[in-house]
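**Q** Next come the chains, spelled out residue by residue.
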Amino acid sequence: MTLSGRNLTVNEPLLIEEKQEFAHESIWKVMLRKFLKNKLAVIGAIILVIIIASAIFAPWLAPQDPSKQVLLDKLSPPGEKYILGADNLGRDVLSRLLYGARVSLLVGFTSVAGSIFIGTMIGAIAGYYGGKLDAILMRFVDAVISFPSLFLLITLVTIFDPSLMTLIFVFAVFGWTGTARLVRGEFLALRSSEFVLAARTLGIKNSRIIFSHILPNAMGPIIVSATLGVGGVILGEAALSYLGLGIQPPIPSWGNMLQSAQNPQIMLGAWWYPLLPGFMILITVLSFNFVGDGLRDAFDPKINE
Amino acid sequence: MTTYIIRRTLMAFPLLFLITIISFGMMQMAPGDPTALMMDPMIKQENLAAYKEAYGLNDNVIVQYVRWLGNMIQGNFGESLIRQGVPVSELILARLPNTLILMIVSSVIAFLISIPLGVISATKRNSLTDYSITFVSFLGVATPNFWIGLVLIMFMSVHMGWFPTGGVATLGEPFSIWDRIHHLILPAFVLATADMAGLTRYSRSSMLEVLRQDYIRTAKANGFKNGTVIFKHGLRNGLIPIITIIGLMLPSFIGGSVIIESIFAWPGIGLLFVEAAFQRDYPVIMAVVVIAASLVVIGNLIADILYAIVDPRIEY
Chain A
167 MTLSGRNLTV
177 NEPLLIEEKQ
187 EFAHESIWKV
197 MLRKFLKNKL
207 AVIGAIILVI
217 IIASAIFAPW
227 LAPQDPSKQV
237 LLDKLSPPGE
247 KYILGADNLG
257 RDVLSRLLYG
267 ARVSLLVGFT
277 SVAGSIFIGT
287 MIGAIAGYYG
297 GKLDAILMRF
307 VDAVISFPSL
317 FLLITLVTIF
327 DPSLMTLIFV
337 FAVFGWTGTA
347 RLVRGEFLAL
357 RSSEFVLAAR
367 TLGIKNSRII
377 FSHILPNAMG
387 PIIVSATLGV
397 GGVILGEAAL
407 SYLGLGIQPP
417 IPSWGNMLQS
427 AQNPQIMLGA
437 WWYPLLPGFM
447 ILITVLSFNF
457 VGDGLRDAFD
467 PKINE
Chain B
29 MTTYIIRRTL
39 MAFPLLFLIT
49 IISFGMMQMA
59 PGDPTALMMD
69 PMIKQENLAA
79 YKEAYGLNDN
89 VIVQYVRWLG
99 NMIQGNFGES
109 LIRQGVPVSE
119 LILARLPNTL
129 ILMIVSSVIA
139 FLISIPLGVI
149 SATKRNSLTD
159 YSITFVSFLG
169 VATPNFWIGL
179 VLIMFMSVHM
189 GWFPTGGVAT
199 LGEPFSIWDR
209 IHHLILPAFV
219 LATADMAGLT
229 RYSRSSMLEV
239 LRQDYIRTAK
249 ANGFKNGTVI
259 FKHGLRNGLI
269 PIITIIGLML
279 PSFIGGSVII
289 ESIFAWPGIG
299 LLFVEAAFQR
309 DYPVIMAVVV
319 IAASLVVIGN
329 LIADILYAIV
339 DPRIEY
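These protein sequence lines map, in sequence, to chains A and B. When we follow our numbering, the leftmost residue of the first sequence carries the number 167, and every step to the right adds one. When we follow our numbering, the leftmost residue of the second sequence carries the number 29, and every step to the right adds one.
If you're looking for bench data, these hints aren't it; they were derived computationally from the structure. Cβ coordinates follow ideal geometry from the N, Cα and C atoms, glycine included. Among the hints, a few may not be true.
Simulated coverage check for chain A against chain B, where a stretch passes if three residues somewhere in it have a Cβ under 8 Å from a Cβ of chain B [as the list claims (entries may be wrong)]: (1) 317-325; (2) 418-429; (3) 432-442.
Taking the hints into account, I'd like the entire structure generated from these sequences.
**A** Right under this line is the structure:
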């Protein structure tokens with residue numbers, strides 16, 4: 167009796183505490199829960215983890231050296247010796263796909279990091295200060311957006327010679343405009359909010375208001391645009407490499423594998439080969455898009471669970 | 029209305045001006061100077077200096093820019109560095125019809141496939157059909173369209189022999205309209221896939237917006253057949269916002285033409301551009317880039333004006 171009585175008195179405040187904890191659940195936990203409810207986003211995230219892991223561990227996972235040529239085995243169909251077959255120079259396709267994932271993800275992540283940085287800076291300055299500076303910066307953004315992306319990319323690549331570094335640079339320097347518009351919009355909306363006015367009244371420096379007060383509130387859309395941006399860059403890199411203006415052989419990339427697939431010998435004798443790199447691009451970009459959409463919904467307070 | 033059109037048109041000029049500055053700036057970043065590509069490497073220093081003086085390469089950058097801009101406005105894009113003596117404008121004009129045909133036909137294909145899909149998706153909202161169409165358009169956004177082209181060439185042309193693998197017409201045969209169409213089908217379809225996904229999703233949401241309106245409910249309550257309501261009352265208004273999309277589709281169409289023309293060896297502006305990129309033929313590259321960007325600006329302008337004309341609710 168006394169034992170159960172004591173239990174009751176002990177349990178009651180505990181229950182209340184639990185409820186309070188639920189009410190104070192961090193915003194990140196709420197978002198994670200919302201994100202996990204979106205099945206497509208979760209599947210996309212799992213696929214991405216697998217692809218990223220296999221890119222990182224490519225040297226250990228790849229059954230062969232991706233540039234080792236065994237001419238006798240050229241165009242071998244998928245089978246025991248070559249799981250996904252061999253290409254027209256007798257190189258193991260699976261190994262090349264694994265190393266190709268490294269190139270695609272490296273270009274995607276690094277250039278998006280660069281373009282998000284540039285875009286956030288310009289968007290934050292334009293949106294926070296407004297006025298003439300904003301007008302000038304935004305007209306510049308309009309002009310850059312008017313160039314169809316492939317034309318701009320190809321022009322820059324011919325000026326600087328195609329290489330991994332050039333590609334990363336070109337995608338970073340070109341890809342920031344969308345982020346700049348987005349961040350500017352967020353800053354425009356937030357700069358007249360109460361907490362910013364309060365910070366100003368307290369005499370806090372502009373740079374501090376921008377980075378410590380407003381920016382954290384704009385992180386959601388920035389993360390979403392970064393996620394979708396990586397997929398876009400992977401598509402762009404594949405297109406450039408396919409044209410022969412991106413990653414140069416012998417470094418394998420999904421795009422230049424497709425370029426070498428445009429060969430009558432392969433088209434007639436190894437129909438499965440052109441399907442593989444394209445399929446990898448497709449599922450990678452699709453996963454990034456699903457995750458991006460899932461994050462967008464998770465960050466959107468208007469969408470309820 | 030007229031003031032809106034004038035104001036909107038005037039707004040396009042600073043943008044075009046910035047585009048020329050950015051393009052000229054990129055050209056200045058190119059390593060070496062044009063004489064290095066044009067001249068015999070054994071040329072004497074005095075002669076080289078004379079050439080530079082004659083071509084105005086010793087002038088101040090701003091003077092060079094103004095001269096370039098002035099020439100360009102008059103339709104003079106300079107001469108090709110590789111095909112010496114051939115004006116760039118001549119090269120572009122020769123290729124322009126092929127690109128226009130490809131773009132017009134593929135935009136018609138894109139509209140004919142996407143708008144009905146979007147309408148079906150909207151009218152059967154949350155059904156299996158709707159989900160399948162949405163999923164396929166998700167796939168479409170993530171699929172590189174040059175890969176679709178490659179796979180179609182492999183199966184339809186190389187294996188089945190149904191379509192030619194490339195070009196505008198069969199070599200050495202007299203002109204025939206069927207031969208032209210036969211060559212056009214695959215590239216036009218593949219170029220259309222670039223925008224089909226976006227267009228389907230766009231027409232779906234536009235149609236959903238319209239179907240929610242009171243007058244649709246009134247029409248239904250008055251006993252009109254479902255098909256009549258959707259197509260006669262709904263689609264007419266649902267199509268209005270799609271007009272703006274034509275302007276927004278232009279950049280991806282022009283960009284897509286680069287890659288589609290390369291796959292199908294279609295001798296248009298896109299292929300000219302890629303060839304010029306490989307040969308470092310900078311005058312051709314710059315001319316195509318400036319024209320492409322200007323077309324995008326003009327496309328957006330036309331879309332905005334059309335939108336204002338078609339939708340009387342817009343105030344100026």
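**Q** All the hints need checking, so say for each whether the structure fits it.
**A** Each hint, compared with the structure:
1. Interface restraint, the stretch 317-325 of chain A with chain B: holds (8 residues with C-beta to C-beta distance below 8 Å; minimum three).
2. Only residues whose C-beta sits within less than 8 Å of a C-beta in chain B count toward coverage, and the stretch 418-429 of chain A has 3 of them, enough to reach three; the restraint holds.
3. Interface restraint, the stretch 432-442 of chain A with chain B: holds (5 residues with C-beta to C-beta distance below 8 Å; minimum three).
The structure shown violates none of the earlier numbered hints.
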